[in-house]
Amino acid sequence: MTPDAIEEQIARTATGDRAAFGVLYSATSAKLFGVALRVLNDRSEAEEVLQEVYVKVWHNADRYRANGLSPMTWLITIARNSAIDRLRKRREGQVGLGAAEAVADAAPGPEALVVQGSEREKLVGCFAELEEGRAAAVRRAYLQGESYAELAAAFDVPLNTMRTWLRRSLLKLKECLTR
Amino acid sequence: MTDGRQPYDEDDRILAGEYALGLLTPEEVTRFEARLVQEPELRALYAAWAEDFVGMTDGIAEVTPPPNLLSRIEARIFGAAAKPSLMQRLGLGWVSGSLAAAAVAVVIGLNAGLFDTGPSAPADPAYVAQIAAEDGSLIVQAAYDADNGELYLRRDVGGAASGRALELWLIAGDNAPVSLGVLPETQAGSLTIPEGLRAQLAGGVLAISDEPPGGSPTGVATGAVLAIGPVSPT
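Chains H and V, in that order, give the protein sequences.
The working numbering numbers the first residue of the first sequence as 1061 and each following residue consecutively.
The working numbering numbers the first residue of the second sequence as 54 and each following residue consecutively.
Keep in mind that the hints were calculated from the coordinates and are not lab data.
Values in this document were obtained by computation on a predicted structure and should not be read as measured data.
Some, not all, of what chain V presents toward chain H, calculated at C-beta under 10 Å: (1) ALA69; (2) GLU71; (3) TRP102; (4) GLU115; (5) GLU127.
Using C-beta positions, here's what the derived DEER-type ranges look like: (6) ARG1199/H with GLY256/V: 54 to 64 Å; (7) THR1062/H with THR78/V: 32 to 42 Å; (8) GLY1076/H with GLY234/V: 27 to 37 Å.
The C-beta atom is built at its ideal place from N, Cα and C for all residues, glycine as well.
So here's chain V without its partners, still in its complex pose (with noise of 0.2 Å):
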């Protein structure tokens, strides 16, 4: 690409190629990539290399990767922005801060088809979030109907450890962690949500820690906080 204008030094273009193949020792990448940073002429030669190696991979038929892999990606990308100050809170208690704020920034869309299985879902549920581990390893969807006061919930990816158990846990404004209920142990399920809690739901982050079987016998997180999500109105 560069011939003819610029005769670049042959080495250079050899070891371009051969960094881009992956060909270099730790040591040589070090150097390399150092001067890549410097010198645009040693850009431009490695870019020319990568244009022209991709095309080994013109053959490589098309596979659609499974449904849900997208929602694991936003999941890690999105979900992880207020997970450690909710984290904080939920291991730690009182943190003070603008932790709302924090929740309504990684709002997470969610796909109208969403509770197209298990129990009858609300048809046009008041407020829905998406429980999600920062590595996507598990992953809740979460809707709820106001007019009977019903959170349900269908587990998309991962679950409850041997012997252990699922928790869910409300977080609203400032207030430390309620819990809500443990999770049901099928796919999916749904809690009702106390009357005085019904409220704070808007705005609010849920939350899922592993605890014992039948929940956490002390009324606050005792395991580890899975995955957090913030409620969102539809």
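Chain H on its own, in the form it takes in the complex (with noise of 0.2 Å):
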């Protein structure tokens, strides 16, 4: 299904469409699913968070509009930090993610546009800039929900040395894929 296909469903689930509902879940649960088990690595957590995916998306779809992402980054989104936060519930002591991708709001912001494949595929370009080990520090934090101390721990330095790996990394990433 084309993103435009996928953002007339949503606003269609936005109006109390289940039909549309339905054909959404089943343009897009696969990915979805495929990204809770990759998180979770538990089948049946996998199943309980898609449940409370497409729960969100039905009851938030009609935000959707005014967050600015593209539909299927949207929805992953959505999967990725519900499988993150169910993630951390099993370990202990860790907050869960923010709901920036619920955040409604009446006016779209400037940037409220279509991003294209292309600047996916520079992900992987920029990744293979940063210092060995700040790659593998960045996806362990989106795909593992790891904090600064366990990436820190993980990665055998000082906390605030990570800290600050970390956040030059996201500024020399986001100047490789902006250029």
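Both chains come to you apart, so use the hints to assemble them.
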């Protein structure tokens, strides 16, 4: 299904169209389930998360337009965040992720436009430009929900060093992605 | 994405990235989200990171979820609307209000291949219902055969707790709930609807409660109401 078609189903879902919700589920659930499985590595937990994700999608479909994300990014981000939240509940004392993908706002921001797929391909190349280990830290934060403290322990560096590394990496990454 | 046109604060760019990755402390998250609502530029920075980072999922293979997951999701969403008032009715008896209207609003569509297993289910049921728990932990499909007064039941998800039974109730109009009997222990089975109740199925609501073996000794639900579902014509 094209991004436009997915967007159309989200728009219809926002009006309470259950058939459109079913179509949206059919078109996108395999990708979202794959992401939840990858993060959680546990089938029953991933199934539970997938249910939570689509309940959120149903209730927040009317807010999709306001957040400026392309449709698959919106859906995958909800799935990734929900899965990370669950993963962190397994571990102790960690805060859940923010809910920016569901932040409502009447006026779409200036960047409320669809990002093209070519930008994603760039990510791989830009990761390669980072120093060794730095890209891995970003990946672990995104796909395993690791905190600064966990990353510092994993890479055996002081916490502040990890923080500095990662922040610099983000700037470098963004610089590369936008050139 | 914004570069060239809007040289945004470098710290905010990093902050938005850290937020998108989930690296901020709870206090930082609260502050960031408060700003997010107010500042379109910050939302744009976050959105750009979200688009960038989602590229990390490109290589993740699609996996088809189990076939009953959508119906469990739908049960959670659409089964929830009528639940509180109906639970109140079952637990507390009479509660006035336009409950019939609420029940109509949560009619759940059923797939055609509903009764592909189990006892000889009606090929052309007069009424069907999906009796579902709000959290999807118990889902029972029901189909009524008007020719013989049999209500065919199939448990798709969940079951009775150990040493307990599931009892089925019919709530018709403003009448008090009437027991239709204890659910068969097998996954699929049927109950005969007493003749006097058959006409009340239309527009009614089916509910399942947790009861001692053999069903409620009092004639009213004694345990928790686990699942409900409106009866709809096919």
